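Please take these sequences and the hints and turn them into a complete structure.
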Amino acid sequence: MSDLLTVRDLRLSTPDKVLVQDLSFSIAAGERFGLIGESGSGKSLTSLAVTGLLAPGLRAEGSVELAGTQVIGAPERRLVGLRGNAVATVFQEPLTALDPLMPLGRQIAGPVRRRLKREGAETSGAAVRAEVMALLEQVRMPDPARLIGAYPHEVSGGQRQRVAIAMALACRPRLLIADEPTTALDVTTQAEIVRLITSLVDELGIALLFISHDLAVVGQVAERVMVMRHGRAVESGPALQVLTQPQDDYTRNLVAAARRFDAALEGQG
Amino acid sequence: MLRYMARRLLILLLSLFVAAIVLFVLLRLLPGDPANALVGVGATPEQIAAAQAQIGSDQPLAVQFVTYLGDLARFDLGKSFVSRAPVIEEISRRLSVTLPLTLAAFLLSMLIAIPLGILAAVKSERWYGLLLSVVSQVGIAVPVFWLGVLLVYVFALNLRLLPSGGFPLRGYGDPARAVTSMVLPVLTIALIMSASLMRYVRAATLEVLGSDFLRTARALGESRTGALMRHGLRNAAVPVISVLGIELSTTFLGAVVVEQVFSLPGMGSMLLLGIQQRDYPNIQGVLIISTLLVLLTGFLADLLQRVLDPRLRKEARR
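Just so you know, the protein sequences line up as chains A and B, in that order.
The opening position of the first sequence corresponds to residue 1 in the numbering used here, with each subsequent residue numbered one higher.
The opening position of the second sequence corresponds to residue 1 in the numbering used here, with each subsequent residue numbered one higher.
Everything labelled a hint here was simulated from the structure, so no lab data went into it.
Everything numeric in this text was worked out from a predicted model, so none of it was measured.
Each residue gets a CB set at the ideal place from its N, CA and C atoms; glycine is no exception.
Mixed in with the good hints, there may be bad ones.
Under 7 Å between C-beta atoms, here's a sample of chain A residues computed to sit facing chain B [unchecked claim]:
{"hint": "1", "residue": "ARG83"}
{"hint": "2", "residue": "GLY84"}
{"hint": "3", "residue": "ALA97"}
{"hint": "4", "residue": "ASP99"}
{"hint": "5", "residue": "LEU101"}
{"hint": "6", "residue": "PRO111"}
{"hint": "7", "residue": "ARG113"}
{"hint": "8", "residue": "TYR151"}
{"hint": "9", "residue": "HIS153"}
{"hint": "10", "residue": "GLY157"}
{"hint": "11", "residue": "MET167"}
Here you go:
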């Protein structure tokens, strides 16, 4: 079986700077893949290139094949068909990622209605509403009935991120991209959201591209990881191997730093 | 929301009260007695005294002030020094020219500026998007009276399509002439307003186009246009509404110039005439009603923003 996502020799650049180069990786259907790197390493840009949502000033070269479609150079119409259907994204900051002026229920209803239409199912108000409620249950949202009428600023960060996950799941994508989905959250909520994403993609058989600078989080989530630095891949392989026996100097430093940080925390506690 | 409205209305009334006091004081700071202007240069002292008694300027200032405030509290704007007619009657006659003029120009400018501003933002990378923003920049620099004269030159003098100015004596009793005489003034104001409004609409749309929530919508399969319609317009509308409120007020106040260019008997010419004749009640009346309308516009814009943006409603509740 061919891979769901194959990135080959990806190069992203502005007119005066190369941001990502020589990047190649692939994700099989249902696989959980982790992309690790410090901020500015090009991981978020890579995820935007996968969905064809790069800012207009950025130039993409190489090959990104998603569900059998070449994303790079594809016309916007083909990309619109791919987004939602093949891939959905959960972004880092759920407060700005949600429309501040629209009740959460209606925001989830948007992708729900698109998917029902795509599948040729009934798109009546009642059918959409039932699906929205089901999604809220699925992301273990407390008190969903109250939540559908609430606005983003009226709920907690964790609840907002659950809504963002519900919106992504509403698309029933084959690949879920989670771009630093826990960075804006406190530690307890982080763990909950990570568990939620992992269990949902397993349950629904969705492949996951999980992006984070946090080694420990990626270690929990991903089966395979790739470490990026300055726009290049420095190391990749099974998560356990890369995180316990890193081969590259940079990865070794990262792992060592993470260990020291954990040790310091435990020493204090 | 109701409590907020009540509070805002109270503030509005207080502002109006303060404005009325400032107006009274400023006018009385002018040297000389308005009665002199009323009777003319060669008048005898007896004639002047009679005029003073008639308009009440022989009373001490404090008494005049209390009378003025007392009348105001009963929504009485007094009587004109010159015509002795109630100020409110003259104002309502004048408003029937200025209000339709302002509102029509306001609506027309929205019809022009909102679609063009959105287009200029969405197509900001294309040549016509760029052209639109250049045109609006240039438009902002054009003086109102100059555009008015230009339009008269083209449409009235050369093409002979529309009257160059004036307003039928019978007013709206002669609807065809009343409407045609409004076309050029409305166009003048609307074009000038559109230029600046378009810039705000473009900026607000560009901001929304770069927002995270629009990216989210697109990442989940919404088209660029679909995302802009569903999430963008409402979000862009919030900042534009406060600008709209200011533009409407500016237009109303700026009507003075346009009414002069087109010789329209509106609030602006009433104010200028009042100043020439030192007709204090007329000046006060025009300015108080103008202030009231400006304050009301701001109030309505504020309210509308709150209806659109739940975050503002939350702040108001605190």
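A quick look at each hint next to the structure:
With a cut of 7 Å, the hint placing A/ARG83 at the interface with chain B holds, because the nearest CB-to-CB distance is about 5 Å. For A/GLY84, the interface hint holds, since its Cβ comes within 7 Å of a Cβ in chain B; the closest pair sits about 2 Å apart. Contact between A/ALA97 and chain B, as hinted, is supported at the beta carbon level, the nearest pair being about 5 Å apart and thus within 7 Å. Using the Cβ-Cβ criterion of 7 Å, the hint placing A/ASP99 at the interface with chain B is satisfied: the shortest such distance is roughly 4 Å.
Among the interface hints, the one on A/LEU101 holds; its C-beta lies about 5 Å from the nearest C-beta in chain B, closer than the 7 Å criterion. At its closest, the beta carbon of A/PRO111 sits 5 Å from a beta carbon of chain B; the interface hint therefore holds under the 7 Å criterion. A distance limit of 7 Å between C-beta atoms decides the matter here; for A/ARG113 the minimum to chain B is near 10 Å, and the interface restraint is violated. Here the hint on A/TYR151 is kept, as its CB sits about 5 Å from the closest CB of chain B, short of 7 Å.
The beta carbon of A/HIS153 comes within 5 Å of a beta carbon in chain B, closer than 7 Å, and the hint placing it at the interface holds. Restraint check, A/GLY157 versus chain B: the minimum CB separation of about 14 Å is more than 7 Å; hint violated. The interface hint given for A/MET167 holds, since its Cβ lies 6 Å from the closest Cβ of chain B, which is under the 7 Å cut-off.
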